[in-house]
Amino acid sequence: GDSVTQMEGPVTLSEEAFLTINCTYTATGYPSLFWYVQYPGEGLQLLLKATKADDKGSNKGFEATYRKETTSFHLEKGSVQVSDSAVYFCALSRTRGYNKLIFGAGTRLAVHP
Amino acid sequence: DTEVTQTPKHLVMGMTNKKSLKCEQHMGHRAMYWYKQKAKKPPELMFVYSYEKLSINESVPSRFSPECPNSSLLNLHLHALQPEDSALYLCASSPTATENTEAFFGQGTRLTVV
Numbered sequence: 106g107d108s109v110t111q112m113e114g115p116v117t118l119s120e121e122a123f124l125t126i127n128c129t130y131t132a133t134g135y136p137s138l139f140w141y142v143q144y145p146g147e148g149l150q151l152l153l154k155a156t157k158a159d160d161k162g163s164n165k166g167f168e169a170t171y172r173k174e175t176t177s178f179h180l181e182k183g184s185v186q187v188s189d190s191a192v193y194f195c196a197l198s199r200t201r202g203y204n205k206l207i208f209g210a211g212t213r214l215a216v217h218p
Numbered sequence: 128d129t130e131v132t133q134t135p136k137h138l139v140m141g142m143t144n145k146k147s148l149k150c151e152q153h154m155g156h157r158a159m160y161w162y163k164q165k166a167k168k169p170p171e172l173m174f175v176y177s178y179e180k181l182s183i184n185e186s187v188p189s190r191f192s193p194e195c196p197n198s199s200l201l202n203l204h205l206h207a208l209q210p211e212d213s214a215l216y217l218c219a220s221s222p223t224a225t226e227n228t229e230a231f232f233g234q235g236t237r238l239t240v241v
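If you read the protein sequences in the order shown, they are chains X and H. Just remember that our numbering sits 105 ahead of the position in the first sequence, which is counted from 1. Just remember that our numbering sits 127 ahead of the position in the second sequence, which is counted from 1.
No wet-lab data here; the hints were simulated from the structure. Given the structure is predicted, the values throughout are model-derived calculations rather than measurements. Hints may be right or wrong, so weigh each one.
Partner residues aside, some chain X positions facing chain H, computed with beta carbon under 8 angstroms [unchecked claim]: (1) P136; (2) L151; (3) K205; (4) A210.
Glycine included, every Cβ here is placed at the ideal spot set by N, Cα and C.
So that you can see chain X by itself, here it is in the shape it has in the complex (with noise of 0.2 angstroms):
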């Protein structure tokens, strides 16, 4: 079935590093892909989206790239702040029957002044 792994957390870094957050998908068909950030007691907040392959899905400095032959959506940032702190999912959604969201474990990001 289709599926999604994530690397696992928490992720500490200083203010200003450099951010990467692997993600990488088994599913049937093209799935759209998602990042979705949790902050400490709120829902989830859509981060960015990719529909197909090759595109690249970004907002507030954060990206990631649909890529089909590694059917992988990284998620990266130039420059984290302490307000970037959250928990991180990447997510599908199925191409076939109803739209349920595949969400991965999650990634704790803990940035630091």
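We have chain X; now place chain H onto it with these hints.
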């Protein structure tokens, strides 16, 4: 307006209580969802409503009873819950239930069963 609003934000209930969670969206979306999220875990789908009809029940126990009174509202009725049902309950919506598109989530209701 890209908001999904959930009430209450926090809820504590006893195992013999009956309570309801409420969700509202005004984006004109025709699909609405309930997800359950345990601590340090990703969300798990519970129910899918499409055009106000229940389309999918992911084998959820009958002590959870969803209801969709109209295209903007989604409720989750709770009865005789167990402590292990304590979790963050997230409502979400999307334009339709059949396209592989993103869902927009509410802030969630943090439920504690005592």
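Do the hints match the structure? See the list:
no. : hint : verdict
1   : P136 : holds (6 angstroms)
2   : L151 : holds (5 angstroms)
3   : K205 : holds (5 angstroms)
4   : A210 : holds (6 angstroms)
In terms of the numbered hints stated before, the structure departs from none.
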